[in-house]
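*Asks:* Letter by letter, the chains look like this.
Protein chains: 4
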Amino acid sequence: MNGKTKIGIIGAGRIGRLHAENIARLVQTVEIVGISDVKMTEELKIWASDLGIALITSDPMELINHPQIEAIIICSSTSTHADFTMAAAKMGKHVFCEKPIDLSPQKGLQAIKTAKEHKVKLQLGFNRRFDHNFKQVHDLTKAGKVGDVHIVKITSRDPAPPSPAYVAVSGGIFLDMMIHDFDMARFQAGSEIVEVYAAGTVLVDPEIGKAGDIDTAIVTLKFANGAIGVIDNSRQAVYGYDQRVEVFGSKGSAQAENDTPSRVSLSTIEGVTCDKPLYFFLQRYKQAFIDEIYSFIEAINEDKEVAVSGEDGLEDMVAALASGKSLKEGRPVTIKEMKKELGI
Amino acid sequence: MNGKTKIGIIGAGRIGRLHAENIARLVQTVEIVGISDVKMTEELKIWASDLGIALITSDPMELINHPQIEAIIICSSTSTHADFTMAAAKMGKHVFCEKPIDLSPQKGLQAIKTAKEHKVKLQLGFNRRFDHNFKQVHDLTKAGKVGDVHIVKITSRDPAPPSPAYVAVSGGIFLDMMIHDFDMARFQAGSEIVEVYAAGTVLVDPEIGKAGDIDTAIVTLKFANGAIGVIDNSRQAVYGYDQRVEVFGSKGSAQAENDTPSRVSLSTIEGVTCDKPLYFFLQRYKQAFIDEIYSFIEAINEDKEVAVSGEDGLEDMVAALASGKSLKEGRPVTIKEMKKELGI
Amino acid sequence: MNGKTKIGIIGAGRIGRLHAENIARLVQTVEIVGISDVKMTEELKIWASDLGIALITSDPMELINHPQIEAIIICSSTSTHADFTMAAAKMGKHVFCEKPIDLSPQKGLQAIKTAKEHKVKLQLGFNRRFDHNFKQVHDLTKAGKVGDVHIVKITSRDPAPPSPAYVAVSGGIFLDMMIHDFDMARFQAGSEIVEVYAAGTVLVDPEIGKAGDIDTAIVTLKFANGAIGVIDNSRQAVYGYDQRVEVFGSKGSAQAENDTPSRVSLSTIEGVTCDKPLYFFLQRYKQAFIDEIYSFIEAINEDKEVAVSGEDGLEDMVAALASGKSLKEGRPVTIKEMKKELGI
Amino acid sequence: MNGKTKIGIIGAGRIGRLHAENIARLVQTVEIVGISDVKMTEELKIWASDLGIALITSDPMELINHPQIEAIIICSSTSTHADFTMAAAKMGKHVFCEKPIDLSPQKGLQAIKTAKEHKVKLQLGFNRRFDHNFKQVHDLTKAGKVGDVHIVKITSRDPAPPSPAYVAVSGGIFLDMMIHDFDMARFQAGSEIVEVYAAGTVLVDPEIGKAGDIDTAIVTLKFANGAIGVIDNSRQAVYGYDQRVEVFGSKGSAQAENDTPSRVSLSTIEGVTCDKPLYFFLQRYKQAFIDEIYSFIEAINEDKEVAVSGEDGLEDMVAALASGKSLKEGRPVTIKEMKKELGI
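Heads up: the sequence lines are chains E, L, S and B, in that order.
Residue numbers for the first sequence follow my numbering, so the first one is 14 and each next one is one higher.
Residue numbers for the second sequence follow my numbering, so the first one is 14 and each next one is one higher.
Residue numbers for the third sequence follow my numbering, so the first one is 14 and each next one is one higher.
Residue numbers for the fourth sequence follow my numbering, so the first one is 14 and each next one is one higher.
The shape of chain E in the complex, shown without the other chains:
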C-alpha cells in the first residue's frame, strides 16, 4: 500500500496517453494500475512499460473489474463513454469521462443516473475550467470583484479547420467545438443557459459547408440569472488558438487575454511585434489537463463535489443541440423547448 489512488485508463489514443503521461510523471498521488486499448501494438506496450504501467490489455472490463482500481478514466471513442461509465459505476468505480458523455443526451442522462445510484463520482473532461486564465476570471467573479454578472463574452477560434471528413462525423460545430464554450459560459455566468440564438455561416472552407456544417458562428445566450452572453467561433484563426473570455458586471469587468510563448516585443522600423497566441489546445491547456485530474482525485479522496459534473455535460450538450436547431430554424430556441423535444 503506497497510499496512492489506483486508476485504470480506457483508451490509449492522443488524449488517453496525455492523461497517462501527465499522471505517471506529475501526479504523485495517483498510480496507473492498467491501461486498455482496442489496438494492442508493440509500440503501445513499450510506451506503457516506460511509464511504469504494469497492466496493458485490450479488454477494458479487465480494468473495470480490477479489484485494486478505484477510478476509471475513459478516453475511448465517444460511442463507448456512457456504456463504460455505467459499467464502471456498477462496479463502484469513480469515473472521469472525456466529453461528451454520449452523443445522445438521453443515454448520457442514463449514465449520470447510474453513477448517482452507485454513489460514484462522475467528472467530465471540460478541461478549460482549469485553465489558469479562465479560472482567474471565474475566481474574481465569484469573489464579487465584477459585481452582478451582466454580460459574458467568449471568443473561441481554432488555428486551423478540421478535415471535411472529420467534420462529417463531428456532430457539427456546436457539439464538436462550441460545446466547450457553452460550458465556459455557464461556468463564468454562474448560471444556466435558458435560451440561445445562433447565427452561422461558411466562410473558412466551402468543403465544411458541403459536409453539412458551418465554420463561423455567433451564438447569443440568455442565462437564468438574467445575464446575457455571446460566443463567437471560427474554425480558423490563422494567428493561432484564440481563447479569450470577458465577464462584465455591475462593478467592473474581468478579461482573460491569450497566453503567448514569450513576453518579448521587437520594435523595429516596421512596428512593434509580439508573439502570437500559443498554437493549440495541447499547449494552451497543458496544465489544465493536469489540474483537472488533481481536482478529480481530490473530489474522490475528500468526498467533494466534482468540478464538472455529468449534469454540466448534459446542459452543455442541450445548449449545443438548441443552437443547431436555432441555426436551422432561424429563431431563438429555449433550453426548455429543447429538453422537452429530447424527452429529458
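Since the hints were derived computationally from the structure, they do not count as laboratory data.
Treat the hints with care, as some may be off.
One copy or two, it doesn't matter: identical chains are merged, so the pair holds either way.
Straight-line Cα separation of at most 30 Å, DSBU-like style, residue types lysine-lysine; simulated pairs [said to hold, decoys possible]: (1) 148 with 299; (2) 158 with 223; (3) 132 with 264; (4) 223 with 264; (5) 52 with 19; (6) 264 with 148; (7) 132 with 352; (8) 299 with 52; (9) 103 with 52; (10) 155 with 19; (11) 132 with 103; (12) 317 with 129; (13) 264 with 341; (14) 353 with 126.
Treat the numbers as computed from the prediction; the structure is a model and nothing was measured.
Based on the hints, put chains L, S and B in the right spot on chain E.
*Replies:* Using the frame of chain E, we list chains L, S and B on its own:
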C-alpha cells in the same frame, strides 16, 4: 476674401459649442460667419464674441440665407434636423448634420433626397469613424491585412447611465446609443447589415426599465457580404467609457483597445495597476470631432463623397429600429422587412 | 481690459511659433501682445496676423519695454537667453525662457539672480515634466505609492540623429539631449544629483564622432537622498522616439511606457503587431508644451513657485557638464567638484 | 541498455532535488543512477526511492567512480564544486556544475583546465540563458533583428531580501546575485565585458549594510564589441521577481517583460489591475531548469559545445569581482586589471 470656407452653425448647445470652439481654434481653413440659437443669452454672446464669431442670431434662417455662408452645421434639436437640412439644401448650402437626421426615417429620406436634388453635400455626425483607433482598424481591413471579413465585434459601454427622464425621450437604447455601433459595424464590415437579432434586458437601473427601455443589450448582425457580427452595449461600465472594436478575417484580426489618460503602470504588493479608459466621449473622441469637420470641408472643397452620408445615417437608423422590433418580438428581423414596414 | 495675461514672445522660430499658436488657439487666459524676430519676413507677418497678434517687431526690447506686457517668453537663440532674461527682469516682467538659460552656467546664475532681485518669476522650458505619463509617475511617487525612491531609470532615444553640422555646435549629447533627462531624473527622484559617471561611445554615426561628440551614452547618477539612477541615450532609435521612465522604490515601481498613435493590434500569421511610439517630440510632448504655459501663467497669477526654476536649469546643466568631464576623464565626477571648477 | 544517458547527482539540497525531480519525471533520455548527500536521512531515501533512484549514498566518489555513470551533476556546496569537477573529469565523466564553479577564480580556472585535459564537457548552471523570454531576445538579436548591439539593459530584482546571516557568507551582491546578470549581459551582447563601474548602496535593509554588503546597485558595462550596458539590482521588489532584459541596436530593440501567473485584467472603478510577476526563480525559471539539462545531455550525445562553459562562469565571476572593486574604490575597473590582479 481669405480663402476660408464660410460656415454657419445652428444650435449652440454642448455639441454646437464643441464644433464652434474646435473650428475657431483649430480648423484654420474654416471661418464661422455666424451661429444661431433659440436662447440668445448674454453668456452666449460673450462666448461667441471671444471666438471671433461676428453674427449671433436667434433665427437660423438668417444663416441659411446668408449670402457668404457656404455650409451649415446643424446642432439643434433632433426634430429640426431634417427641416434645416432641406432649407439649407434649397439655398445651395452644404450640410453637416448631427445624427440622427430625423427620428422618422421617412422624413430623413426626404431630407437626403432634397440634398441630392440641390447637389449639396450632406454629411452626418457619426464621429467615431474618425477615431484614430477605429480608423486604423478600418484602414488595415481596407488594405487587406485581415483578408475577407468574417466577424465584426463591437464593445460599446457608457460610463454612467442617463437619467430615466432622458431615457423616456431618447428613442431607446438602439436609436440613442447603439446607432453609433451600427454605423461602426457597417463601416468596419464594409457592407450593409441585412438582419439583426437583439437580446436585451434591464440590469443597470430598474428605472430605465420603467421608462420602457433596456440598459444592456447584445445584437447579432448579418451583413450583405456574408460576414456576421455582434455588438454589446451597456449603459454603465463603472471603469469608464469602453469602446473597442475587432475585425476578424481570413488573414487575421485587427483589434482596437481603449485609450487611457496615461501609459503608466504601478506595480505594488497588491498588483499591477494601469489607467482606466478615458472617461467619456468628449475625451475619447476629442480629435475625431475635429477630424470629421476637416473631412467635411475637404469633401466640399475637393468635391468628393462625404465620409458619412445621409444614406449611412438612414441605414443605421433602420438597423436600430429593426433591433427594437427584434427585441420586442423575440426573433431575428431583416432590414428588408423593416424597410418595407417603414415604406422606405 | 479683458483680464487676460499679456505676453510678448521673443523669437519666431519653430519653438516660438509653437508657443504662439498654442497660446493663441488654446490658452484662453493669455493674450499675445507682440512677437519679435530678427528676420521680419512677409510670411511671418501673415502668420502673426492670422493668429491675431497685433505687434510684430524686429526689436525684442520693444516687447520688453511694452507697458502692457506682463511676461516674456524667450524663444530666441541660446546665446541671447540670459541677456533677455535680465533685461526683462529689470523691467519687472516675468520670464518663461526656453532651455538652457545660457551655455555658461556662470551667466545663467547671473540671470537667475537678476530675476530674484527684481522679484519676477523665471520658468525654464523643460516641458517633459508636464508630459502626462511622466507627470503621472511623479504624482504617484509624490503620493507615496512607490515608497522611498531607490532607483530612477530613464530611457531617452531620438528617432534620428542630428546632422554632424548641428552636432558640432550643439554643446554635445549631454548638454543638448541628456540635459532633459537630468531634469527628469531630478524631477522623479525628488532630489538633487550629487555624482555622475558617464559611459559613452559612437555607434550610430561616425560623423558624430568626427564632430567630437558621442551618440550613445549611459550615465549613472547618485542622488542626495541616497537613491541611485541611470539614464541611457541614443541618437537613433529607428522605431521612433523612445521616452520611458521608471521609478522604483520600497513600496513598488511606477513605469511610463511610450505613447503610440493608436491602440490597435494586428494579429496575423506573422505575429501580433502594434504601433511604434509617436515619432518625435512635437507629437509626444504636444500637450506638455501647452501645459507648461498654463503652469507659468498660474504661477504668475497666483504668485506661486514656478514648476521649473532657473536653479533647476542650472543644476541640469552642471550635471551635463559633469557627465562630459566624467566621460573625458573616465571616472565619476561629483556635482560639488564640477560647481567648484565652474566657480558657482 | 536502455539508451539513456546515465548520470549521478552530488548534493540533494533544494537545487539537487529540483534537478533530480525534473530529470526523473520529464527528461526521458536520462537515467539517474545515483544521488549522494552528506546527510543520509530517511526522508531522503524515501524521496529518492519514489523517484526510482536505486543508489543513494553519502559518498560522492561512489558516483564519480561508478562504471555506468557518464555524467555528474554537482549541486553540493560551492566550496566543493571545483574539487568534484576535477575528480569527475579525471574519471572521464562529463560535468554539469551549479554556479559558481568556485569562490576562487584561480581554482575555478584549474577545474576548467582539468575538464579540458580529460576532454569532458563542463557546463555551468546559468539557467537564465534557457528562459523562454531571454532566449527569444537572444535569438532575435542573433538573427540580426536588432542589428548591431548598442545597449544592453538588464533589470534584476529579487522579491525579498536574504537574511543578514546569508548575506554575510554570500560573497556579496555582485557574486551572489548580479553574477547571473553579468552572464545574461554577455549572452545578450554576444561579447565579453571589458570594464565595469558600480554604484551601490543600502536602501532595503540596514542589516545588509552591517553585514558588509549593499542591497541596491547599478553597474555600467563596456563590451569588447563596443556596446555598452547597464544592470540594476535590488534585493527587494515588493511586487515580485522582476526580471527584464532589453537589447537595443541599430535596427531596433528587443525587450522581454516579466511572466505573470495569468493574463487576466480586472477593470473596476479603482483602475485596471493585472497580475504581478511570477513570484520567484523557481516559478519563473521552472522550464529553464529543465531545458539546461536537455542542452547538457545534447552537448554530450552530439559532442557539441556546451551552452554555458566554465570560461563563461569565470568571466562572470571576474566581472562580479571587478564590480566589487569598482564600488570599493569609486572608479571604473577593467576586466584586464582584475584578471591581472587575480593572476588568471
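*Asks:* Hint by hint, note whether the structure agrees.
*Replies:* We went through each hint and held it up to the structure:
1. 148 with 299: For residue 148 and residue 299, both the intra-copy (14 Å) and inter-copy (21 Å) Cα distances are at most 30 Å.
2. 158 with 223: Between. Shortest inter-copy distance 28 Å satisfies the 30 Å Cα cut-off; intra-copy 46 Å does not.
3. 132 with 264: neither (40 Å within a copy, 51 Å between copies)
4. 223 with 264: between (46 Å within a copy, 22 Å between copies)
5. 52 with 19: Close inside one copy (23 Å), not across copies (33 Å); limit 30 Å.
6. 264 with 148: both (19 Å within a copy, 28 Å between copies)
7. 132 with 352: within (25 Å within a copy, 60 Å between copies)
8. 299 with 52: within (26 Å within a copy, 36 Å between copies)
9. 103 with 52: Within. Shortest intra-copy distance 25 Å satisfies the 30 Å Cα cut-off; inter-copy 50 Å does not.
10. 155 with 19: Neither, since 33 Å and 49 Å both go past 30 Å.
11. 132 with 103: within (9 Å within a copy, 63 Å between copies)
12. 317 with 129: Cα proximity of residue 317 and residue 129: one copy only (14 Å, versus 59 Å across).
13. 264 with 341: between (37 Å within a copy, 28 Å between copies)
14. 353 with 126: Result: close within a single copy only, 18 Å intra versus 53 Å inter.
Hints 3 and 10 from the earlier list are contradicted by this structure; the remaining hints agree with it.
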